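Participant: Here are the chains, one letter per residue:
There are 2 protein chains.
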Amino acid sequence: MPRTSERYRDARREYILDAARRAFARNGFHATSMHDLFAEAGLSSGAVYRYFAGKDEVVVAIVEDNIRQIGAMIRAVTEERADGSFGAALAAAVETIQAKHRENGLAGIGVQAWTEALRDPRIAAAFEEMLTGLRSELAEVVAHYQRTNTLPAGPSAESLASVTIAILVGYIQQLALLGPDAVADTPDALRALWPPSAVAG
Amino acid sequence: MPRTSERYRDARREYILDAARRAFARNGFHATSMHDLFAEAGLSSGAVYRYFAGKDEVVVAIVEDNIRQIGAMIRAVTEERADGSFGAALAAAVETIQAKHRENGLAGIGVQAWTEALRDPRIAAAFEEMLTGLRSELAEVVAHYQRTNTLPAGPSAESLASVTIAILVGYIQQLALLGPDAVADTPDALRALWPPSAVAG
DNA sequence: TAAACGACAACGATCGTTCTCTTTCGACTA
DNA sequence: TAGTCGAAAGAGAACGATCGTTGTCGTTTA
Numbered sequence: 006m007p008r009t010s011e012r013y014r015d016a017r018r019e020y021i022l023d024a025a026r027r028a029f030a031r032n033g034f035h036a037t038s039m040h041d042l043f044a045e046a047g048l049s050s051g052a053v054y055r056y057f058a059g060k061d062e063v064v065v066a067i068v069e070d071n072i073r074q075i076g077a078m079i080r081a082v083t084e085e086r087a088d089g090s091f092g093a094a095l096a097a098a099v100e101t102i103q104a105k106h107r108e109n110g111l112a113g114i115g116v117q118a119w120t121e122a123l124r125d126p127r128i129a130a131a132f133e134e135m136l137t138g139l140r141s142e143l144a145e146v147v148a149h150y151q152r153t154n155t156l157p158a159g160p161s162a163e164s165l166a167s168v169t170i171a172i173l174v175g176y177i178q179q180l181a182l183l184g185p186d187a188v189a190d191t192p193d194a195l196r197a198l199w200p201p202s203a204v205a206g
Numbered sequence: 006m007p008r009t010s011e012r013y014r015d016a017r018r019e020y021i022l023d024a025a026r027r028a029f030a031r032n033g034f035h036a037t038s039m040h041d042l043f044a045e046a047g048l049s050s051g052a053v054y055r056y057f058a059g060k061d062e063v064v065v066a067i068v069e070d071n072i073r074q075i076g077a078m079i080r081a082v083t084e085e086r087a088d089g090s091f092g093a094a095l096a097a098a099v100e101t102i103q104a105k106h107r108e109n110g111l112a113g114i115g116v117q118a119w120t121e122a123l124r125d126p127r128i129a130a131a132f133e134e135m136l137t138g139l140r141s142e143l144a145e146v147v148a149h150y151q152r153t154n155t156l157p158a159g160p161s162a163e164s165l166a167s168v169t170i171a172i173l174v175g176y177i178q179q180l181a182l183l184g185p186d187a188v189a190d191t192p193d194a195l196r197a198l199w200p201p202s203a204v205a206g
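From first to last, the protein sequence lines stand for chains Z and P.
Taking the numbering used here, the leading residue of the first sequence gets 6, the next gets one more, and so forth.
Taking the numbering used here, the leading residue of the second sequence gets 6, the next gets one more, and so forth.
No lab work stands behind these hints, which were simulated from the structure alone.
Predicted model, so just to flag it, every value in this text is computed and none were measured.
Watch out, some of these pointers could steer you wrong.
No copy is singled out in the list; a pair is fine if it fits within one copy or between any two copies.
[What the hints assert, rightly or not] Subject to a maximum C-alpha distance of 20 Å in a straight line, what follows is the list of computed SDA-like cross-link-like pairs (lysine to any residue): (1) Lys105 <-> Arg80; (2) Lys105 <-> Arg31; (3) Lys105 <-> Asp186; (4) Lys60 <-> Gly33.
Can you build the whole structure from these sequences, using the hints too?
Facilitator: Take a look at the structure:
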């Protein structure tokens, strides 16, 4: 077996995915042809097709990675900031997303991924898992702020978690469509909406 | 000139757009071929191409209409509810969007439209106009709630308007990806977050 | 040295679009 | 008012281009 170490194959796969991410971020999933991808990667069709069964598989791999990235970022930030204010945690999440977007077009891929979820059951399932899982995890964080009177105690923690996710999703959309500068003041607004020791509800 | 009244042509165009909307909501912009559209409308290619120069023009027309619809709904609700609470206005907007989505798949078309905006300059311009226009209009509404201490006075009204738009955009995404039932409790959460006479900030 | 890797040409299918021909109907004329 | 003409509307076959994919053959390496 020549050149067939698992390490080699994984690295090659990742190399192709990196090229695909660049091409997709530049021109979109559908406007990017496989030939465009071959050119971006500097590889032949044969090389790429040895690692991916088809274009759909490349797209799914990229989307699933995008979902994991965003989910992980939100989880990490909200959990490690659990001692600060709710607004500060949200602001930190938003700032992390923005920084990542500047370096690899995270938001654009994300918006395209939502559209793919409407059509591809695998992607839809990945999103449903991520969104519902994130909602129940955020619900625990939110419940903490409800107990400290930063957030109203009336509504369920899950419903507040949904609104939290909506804010982040909406931020990603504006990041992709309007650019980072247009939403540069969002973190300030979030911190002000839910400051360290406010009492709402 | 046979059958050439402006009324007839407009009605015909609208008929084709209705068929396109159904087909696009079912299968997505790209997975729907022109032949699918011909079948859905019960027309020949010649008939459709007499009213639209190409597929892109159909997509742009649908997207621009979708943008207008959503923008108008938000404007109407937030302006006529300016006497109630901020949370109630947001909840009403969300409920209006949900009702419209149940009847014509508004949210799915919307999510797809965001992706198209990344690639088509005409759609990008339409979105930028809509989002920035909506932001400055919502800023006036928001400023009113800032004066009545429902919203914090610290951040700019524009930045709070951006967060407001993010909530609505994020809600539309969840509506499209998870379905109406998964976000049925969002209105309650919004009303609780910004109740009639709360003091925040 | 055998098996995996990779290059490259080419194929088959799909899809958007066009072209030609027929049908329909409003306007003008006798 | 009846008849005719011409232009717009519509049908449908077909075309050309694109694109994803495959198959073959040389190359590399454990």
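Participant: Each hint: holds or not?
Facilitator: How the hints compare with the structure:
1. Lys105 <-> Arg80: Classified as within; 15 Å inside a copy, 33 Å across copies.
2. Lys105 <-> Arg31: Close inside one copy (16 Å), not across copies (33 Å); limit 20 Å.
3. Lys105 <-> Asp186: within (14 Å within a copy, 32 Å between copies)
4. Lys60 <-> Gly33: both (13 Å within a copy, 18 Å between copies)
Comparing the model with each earlier hint shows no violations; every hint is respected.
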